[in-house]
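Residue numbers (full-length UniProt numbering), protein chains in the order written: chain A, 1 to 555; chain B, 1 to 335; chain C, 1 to 314; chain D, 1 to 327.
Careful, some of the hints might be misleading.
[Unchecked claim] Okay, the calculated beta carbon distance ranges per label pair:
no., chain 1, residue 1, chain 2, residue 2, range
1, C, 53, B, 67, 53 to 63 Å
2, C, 85, A, 300, 17 to 27 Å
3, C, 40, D, 305, 56 to 66 Å
4, C, 91, B, 17, 42 to 52 Å
5, B, 17, A, 137, 49 to 59 Å
6, B, 88, A, 137, 36 to 46 Å
7, D, 298, C, 200, 50 to 60 Å
[Unchecked claim] Derived, one-sided and incomplete: chain C residues facing chain B with beta-carbon distance under 8 Å:
no., residue
8, 244
9, 248
10, 294
Don't read these hints as lab results, they were simulated from the structure.
Cβ coordinates follow ideal geometry from the N, Cα and C atoms, glycine included.
One-letter residues, chain by chain:
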Amino acid sequence: MRASGKGLRSALAAGTIAVLTIGAAGCAESDRDNGGGEGSASGGTFIFAGAGDPKNFDPIFNDDGESFRPIRQMYDTLITHKPGTAELTGGLAESWENDASGKVWTFKLRQGVKFHDGSPLDAAAVCANFDRWFNMKGEAAQSQMIYYQDVFGGFAGSKDAVYDNCKAQDASTAVVTMTRYKGAFPGAFTLTAFSIASPTAMKQYDSDTVTQNGDSFSYSAFANEHPTGTGAFTFGGWNKATGEITLNKNADYWGDKAKVDKMIIKIIKDENTRKQELRAGTVQAIDYPAPADRKALADEGYKVLDRPAFNILYLGINQKNPKLKDLRVRQAIAYALNRAQLVQTKGPGGAAVADEFLPNTVLGYAQDVQKYEYNVDKAKQLLSEAGATGLTLNFYYPTEVTRPYMPNPQEIFTVLANDLQAAGIKVNGVPRPWNGGFKDDVQQFGKQDLHILGWTGDYNDPGNFVGTFFGRGKVEFGDQAMTEMFDAIGKADATVDQAAKKTAFEQVNRDLAAKWLPAVPIWHAPPALATTKNVEGLVPSPLTAEEFNTVSVTK
Amino acid sequence: MLRVISRRLVQLVVTLLALMTLVFFWLRSLPGGPVDALLGERATPQTRELLTRALGYDQPIWVQYGRFLKNVVTGNFGNSIRTGEPVTEVISRAFPATVELAVAAIIIAIGLGVPLGYLAARHRGRLLDNATIIVTLVGISIPIFFLGYLLKDWLTQGLHLFPPSGRISTGMDNTDVTGFFVLDGLLTRELDASADALWHLVLPAVTLATIPLAIIIRITRASVLDVLDEDYIRTADAKGLRNPTIRKRHVLRNALLPVVTIIGLQTGALLAGAVLTEKVYNWGGLGTLITDSIGGSRDYPVLQALILLAAAVFVVVNLLVDLSYAVIDPRVRVR
Amino acid sequence: MTRALSDHKRRRIDELIARTSEPGGVSLLRDAGRRLLRNPTAIVGGTIILLFLVIAIFAPLVAPHDPIQRFPELTQKLTVDSIPGATAGHPLGSDPLGRDFASRMIFGARQTLFVGVLATLIGLLIGVLLGALAGAIGGWVDNLLMRLTDVMLALPSLLLAITLVALASRSTQWTVIIAVAIVNVPIFARLLRGSMLAQRESDHVLAARALGVKRRDIVLRHMLPNSLTAVIVQATLTFAVAILDAAALSFLGLGDPDINRAEWGLMLGVDGVRYFEVRPELAYFPALAIILVALGFTLLGESIREALDPKNRR
Amino acid sequence: MPLLDVRDLSVTFERRGTRPVRAVDGVSFTVEPGQTVGLVGESGCGKSVTSLAIMGLLPRRGNKVTGEVRFEDTDLLTLRPKDLRDWRGRDIGMIFQDPLSSLNPVIPLGVQVAEVLERHQGRTRQAALREARELLDAVGIPDPARRLKEFPHQLSGGMRQRALIAIALACKPRLLIADEPTTALDVTIQAQILTLLKELVDDSGTALVMITHDLGVVAGLCDTVNVLYAGKVVERAYRHDLFAEPRHPYTHGLLQSVPRLDVDRGERLHQIRGSVSDNIPWPEGCAFAPRCDRLVDDCIGETVPLEPTFRGGALRCTNPVPKEVAV
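Here chain A stands alone, though its shape is the one from the complex (with noise of 0.2 Å):
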């Protein structure tokens, strides 16, 4: 019966154990902060705030940044990008060479380079990458090879599958051999999905098991735990109770060692939250800045790193709606909307106006494209000389979801949606959950009749970016039967010689821009980087292919 007193003294008792145990761990932090980090030699810990939790770190079996941000860093491409540009120079491949017919790819190999595990890595360990992507066996497997299934078409037994067969000339020579040319090559040879794995540590650890357990797969050891590359960090381990991703110094790395001992990459999702990490100092970086935070982040002396855009956002217009297929009625609703406004007011720093579907730094960027400068006069008169007056417009947007290319649907939907209306288009706006729904209507179904969407490159190449859209009949823009244009974009993409396919692909720029006008291109919106003072050498890539061996932590 004096239980219930009692309960309250303890209560109050652990409450002012807590109290005194939160001063002496505010003690306990600054100590760590004084002793921490400095002083000795080492380069110390460089600890990067990344935006989400990677999947696994068995490159072929990934498709998302937040993935191909660890894993990049433990692996290495044959081919892959002069830092902070798209532009093609060696990787594990010193160089490379392709044959007339476009077909056979002959890489020329590093020499000395090492797997973490200790095992060469040579062309025989190049042809066993190729031959265990070309061989994977099973459903789940192969459902979860997103991009060799983009790329390369199909596995082996199918007639689509474009890889043939590589074979180990020398120990320092791979040949790779196609079935037919592809426009993606060698631009989809430096893709992090397509980074060159240990073969000895693949077997060890059983890297082709994948299996289904209910709706959803599970991954090998060595997807998990034991990834095992050539590239500058060695995996050191994944928290995830913590979220902490550690990555060591590979101190027999072939290139630039890291100047840094550890890396680690925090996963924090919000991005106000990322930015308050920054400045209590306890992250050195952070990816994806808020747009909204950088100038403040700017005054305050954080570095704020823009990637040169690499994206584009456009607004998707379905032919299926037969008054769409007016291309009066497009151009209006190109003319109709005031792109300047939205880049200045919701852009994000260095944002720009697009005119075309692709980067300038893209080959096949044309100079002179029909712009669609805004005009409300001009798209009211096209809408009635189309007959399309007291039009009604289903536009979907999808919500619950955040892209470098659209860090905002909503607002950016609502800003645009309010241009149309004062062209006299009535929108009806459609919202729909990312993954609940908006893919599933609009690139399944077509039940739009307008939508936002957009897409980040994932190589310098145009058929990454106007192919992946226009190359072939989709529903997301209704029209099955554009041959024209399909023809036009399939051509160019096998155009072998470089000088003929960029000629062809600015063709291609002036009549998507001109004739088809398929969806209107919004913007190209970089997404940022920040990092405090003492970081130097981080460079930001244009395809947020960061590599941090070159990041240092100064005091």
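Start from chain A and add chains B, C and D according to the hints.
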């Protein structure tokens, strides 16, 4: 007592099965679904087809349901779409985080709420009482995610009093034994880790405690006032008992009865509050898991398991509350 | 013994009602009304709500501008990291899209009222219907309905709302309203059922039955009206919870997707949080408005409950 | 010297926002050692408030208590609340109306009895519990050892009241105040409890103030009776005198409304019309006036004093019931 517990557990199982079936069929009827969630933006139609077959979505729905049921009965909730781990693993990792947070919040709420409510009742109508009432009313009316934002902005940005997010400092390299970081530090003698975890715990726990605290204060106050009005307190007074004795022996014990009930009812509210609090403080618990499983990714297997877990926790906690009620209140015990 | 244990939570709700819904008819109500007017808490709460209602109803007259119009003078100075403050004609400056923030705040009262009232009303109607059915018919209907509410009560309210929104394939304003409404169904159902059960045994119902009044009439004329007082109190309190839940859903990115709509929870949960550092007013004003209105409804609800409590009748 | 001497006791309820209400208005009476004194009246007449005021049990806030309550040489009203606690339970015991709600539901009976002994007689818990068992035995609770561990809800109504009596008499107080001790009980139990009370009081020489609305109780127990109406003593007399010759119309009415066996069956029972709340709306005059059969002008014009009658009695009436009118 055993009969009560077993009856409750049977009830729980039946409820959960019904809930599960409902959720299963509902999810299958939705657009998008796991296929969409598993495919990135790069997916080609071929990949989509492959995946549909790999997941067995081309089979009749009752075959799928049978498989689902078999899995669930054997404790297999499938794998998370987002991370590819078994759902049970994902949840058992997040569970301690939320429990740690919730327990801290409950300790704050009870530790402050009961004394404050009691004091307010004792000083009924005076400044302390009125101030307490106003503060609790605001506490109930403030959106707690906003409160979390404010606390975070004031105390971690301008003043670096607390860390802005997470459960422990990055790179602390603590040993994970139970998943309760504060406890782990004590167990492994990594006292600095324990202190650091506690330091991270303060703001989220305070944020999460706000509503339960306000409610406990109010209930305690009302309950103490009720008890003070009771005849047996007058009897105790008539006996000439000293005030402290009356308070401890006669007032508090009786006044705590409704508070115990409310604490049980608050468990649910705590889970809901954890969703918001954890998002604000990037706290890797169940709340974050819920947000992650819905927002964008639609991680249905995890979501499914979470719904079941929430219901189970709620039922179990209320069973515990009932049992504790029986311990405190002899009337329930015997009847 | 088993009943006493497993049902005491339900009993608690039922007790609450039994207390507030004691038969007493008009004089009780008049009495309660008088006590209410003397209670400063009720007056503060009532004033807040009255003000809120007036602003909501007369929003178009009070607001200086159309809440969804974008003004060139505002958009000119608007960028993603700076939002213009007060200028001539725009006392509270701009919102993130160059609209008049003051007008949005004022129209916000209307939208917030709309969301809160509808969520409460729908929940109330369904709940009252189910509760009345259970209470009036009893037997297996009662059993079935109460098990159903058990399942719903097993999930915490916001969690249930989140799940409902997530499971709805489309997100609209109605998804939010209905999700928040459904969360409240079991509460109202239980409340009404408990109150009806309490009354079934009460003197005036027994008397009516003895006089041979038809069962339907007893339920409609005698039991329901008396039970409704408890429901009204609960509805007042629910309103506050409804707008808070709507705000929380917006914060989680699961709220009303149409940001043209000026609703305080939406404004706070989306713009307020996102642009907190650029212009904290975008968060402070809606937050303050929500707190005030929630406070007003809580104050009023509690004082009505207090006024109806027979314990306070002396 | 009287054991208890209440002089001009007044209690005013002053609640914020309401008119002050004078619940007890200048009540005086005395209790000699060993004597049993009744306070009689309808509910709301102020008899319970009087008893609570004597015990200092009225809430401190919102009440104004004036006058004197002399217990032997001490004016209880001047004591600090803390010091008054030393008297309560030790020198003055009290029993309340509802035995169920007057016992703490979550504390075993034994502790509730024992704690008063621990408090005033410095017993240890063990010793106090032993003594408590004897006390329960003394008040006629069977199997007291088992009952000590039980909770109030496990006892019958009569046993609960016995337990309360045991608590009140634990320290052998010189004065016991019983506030409607039998009202909540079955009639058969009522008689048992009254008998018990009477025995205990007689045995120990404890004085008893019996508060009741039940004239039957008064008839069986009290030495002198004070009839209260609207916070004032309207008539005081020895038991026999009162029953034989009630003078105040109110007392008269009360007695007449008790059912009797020696009256014809067809005759209607007398009733006093109206209720206590039908008061005159001004301070002077007789509060009973609106309900009185013997109303004359003087009743409502000026204050009616309490005037002594024979044998220590007193009466507050301008037009009393004549002596020869038999009841």
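Next item on the list: May I ask you to test the interface hint for residue 244(C) with respect to chain B, counting a Cβ-Cβ separation under 8 Å as satisfied?
Entry: Since the shortest Cβ distance to chain B is 6 Å, the answer is holds.
Item checked: Distance restraint hint 56 to 66 Å, applied to the beta-carbon atoms of residue 40(C) and residue 305(D) -> violated (43 Å)
Check: Measuring from the C-beta of residue 248(C) to each C-beta in chain B, is the shortest one below 8 Å?
Finding: holds (6 Å)
Margin query: For the hint 17 to 27 Å, verify it against the beta carbon of residue 85(C) and that of residue 300(A).
Written below: holds (21 Å)
Next item on the list: Kindly confirm whether 50 to 60 Å is satisfied by the beta carbon distance between residue 298(D) and residue 200(C).
Entry: About 55 Å separates the Cβ atoms of residue 298(D) and residue 200(C), which means 50 to 60 Å holds.
Checklist line | Restraint outcome when residue 294(C) is required to lie within 8 Å of chain B by C-beta distance | finding: Hint on residue 294(C): holds, closest Cβ of chain B at ~4 Å, below 8 Å.
Next item on the list: Using the beta carbons of residue 53(C) and residue 67(B), state whether their distance is inside 53 to 63 Å or not.
Entry: holds (54 Å)
Notebook entry, point to check: Range hint 49 to 59 Å: satisfied by the CB atoms of residue 17(B) and residue 137(A)?
Noted result: violated (37 Å)
Next item on the list: For the range 42 to 52 Å, tell me whether the beta carbons of residue 91(C) and residue 17(B) fit it or not.
Entry: violated (58 Å)
Next item on the list: Look at the Cβ atoms of residue 88(B) and residue 137(A) and judge whether their distance stays inside 36 to 46 Å.
Entry: Once the Cβ atoms are compared, 27 Å apart, the range 36 to 46 Å for residue 137(A) and residue 88(B) is violated.
Consistency with the previously given hints fails for numbers 3, 4, 5 and 6, ordered from lowest to highest.
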